[in-house]
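**Q** Residue strings, one per chain:
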Amino acid sequence: DVKVTQSSRYLVKRTGEKVFLECVQDMDHENMFWYRQDPGLGLRLIYFSYDVKMKEKGDIPEGYSVSREKKERFSLILESASTNQTSMYLCASSLFTGDGYTFGSGTRLTVV
Amino acid sequence: AQRVTQPEKLLSVFKGAPVELKCNYSYSGSPELFWYVQYSRQRLQLLLRHISRESIKGFTADLNKGETSFHLKKPFAQEEDSAMYYCALTGGANNLFFGTGTRLTVIP
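Protein sequences, first through last, are from chains Z and Y.
For the first sequence, position 20 matches number 21 in the working numbering, and the numbering has no gaps at all.
For the second sequence, position 54 matches number 1148 in the working numbering, and the numbering has no gaps at all.
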C-alpha cells in the first residue's frame, strides 16, 4: 500500500508563528500536493511539486510556501500564521499526471 | 478555466433506495474525472475514475460529455455509504481540481 504520512494530526499555533507541516510518501511518487479542506469550500490546492526542488503555485498560495528537498518529502510552511489559516491540511501524492491521488490523514491546524 | 460543480451539499436517502450524487464540470479539453470518498475519521480515498469504467462498492459513474456531467450512482444505498463525496477532474496538468463535496447520509 502506498503510504502518505503527515507528521502531525493536530496542531495549535499562535498568530505570527512560523509553522511547518511535513508530509512523507514511501512509493517514489513524482508528484506531491498540498490542499486545504474547509466545509462548503471543498479542497483547494495550495502548492504542488512534480519533482525535487520544483514547485508550482496552486489556487490559494498566498501566505504559504513549500519545500521539496527530497523526492519523498514535501513540506508546507506558513511563514506567519494567521487565524484564517485555521483549517484541515491534506497532503497527497501521485505517480504520474492523471493518476489517482493517495492522501494523507490530514493535519488539523488551529491558529489562535 | 476548469470548474467542478456539486450542486448538493447534503443528500439524505433511505437504506435500499437509489442514490445519485451530481457532478457537472467545465473544461475546454478532454478531462479525466474522478470520485473520491471520505468516510468518518478516515482519509480521503479514490472511489473510481471514469477511464477505468468499473464499479466500486456498487457505485458507477458515466462520463456524459454532451451534458458535461459525471454523476455517481448506486441502485441500493447502504448505511456504510454515508460519507463525504468529492468529484474531481484533471485536464492534463498535474493537479486535481475538486468540487465542494456532497455529504451523503443513508437513513436506516
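Please keep in mind that the hints were generated in silico from the structure rather than gathered at the bench.
We put the beta carbon where it would ideally sit given N, CA and C, even for glycine.
Be careful, since some hints might not be right.
Incomplete in silico selection of chain Y near chain Z, CB under 7 Å [stated by the list, open to error]:
hint, residue
1, TYR1133
2, ARG1135
3, ARG1137
4, LEU1138
5, LEU1141
6, ASN1189
7, GLY1193
8, THR1199
9, PRO1202
**Q** It remains to establish, for every hint, whether it holds in the given structure.
**A** Quick rundown of the hints versus the structure:
1. TYR1133: violated (12 Å)
2. ARG1135: violated (9 Å)
3. ARG1137: holds (5 Å)
4. LEU1138: holds (4 Å)
5. LEU1141: This hint is violated: LEU1141 of chain Y lies away from chain Z, its Cβ roughly 9 Å from the closest one there, beyond 7 Å.
6. ASN1189: holds (5 Å)
7. GLY1193: holds (6 Å)
8. THR1199: Status violated, d = 15 Å.
9. PRO1202: Constraint on PRO1202 of chain Y not satisfied, violated at 25 Å.
Against the hints set out earlier in the document, violations occur for numbers 1, 2, 5, 8, 9.
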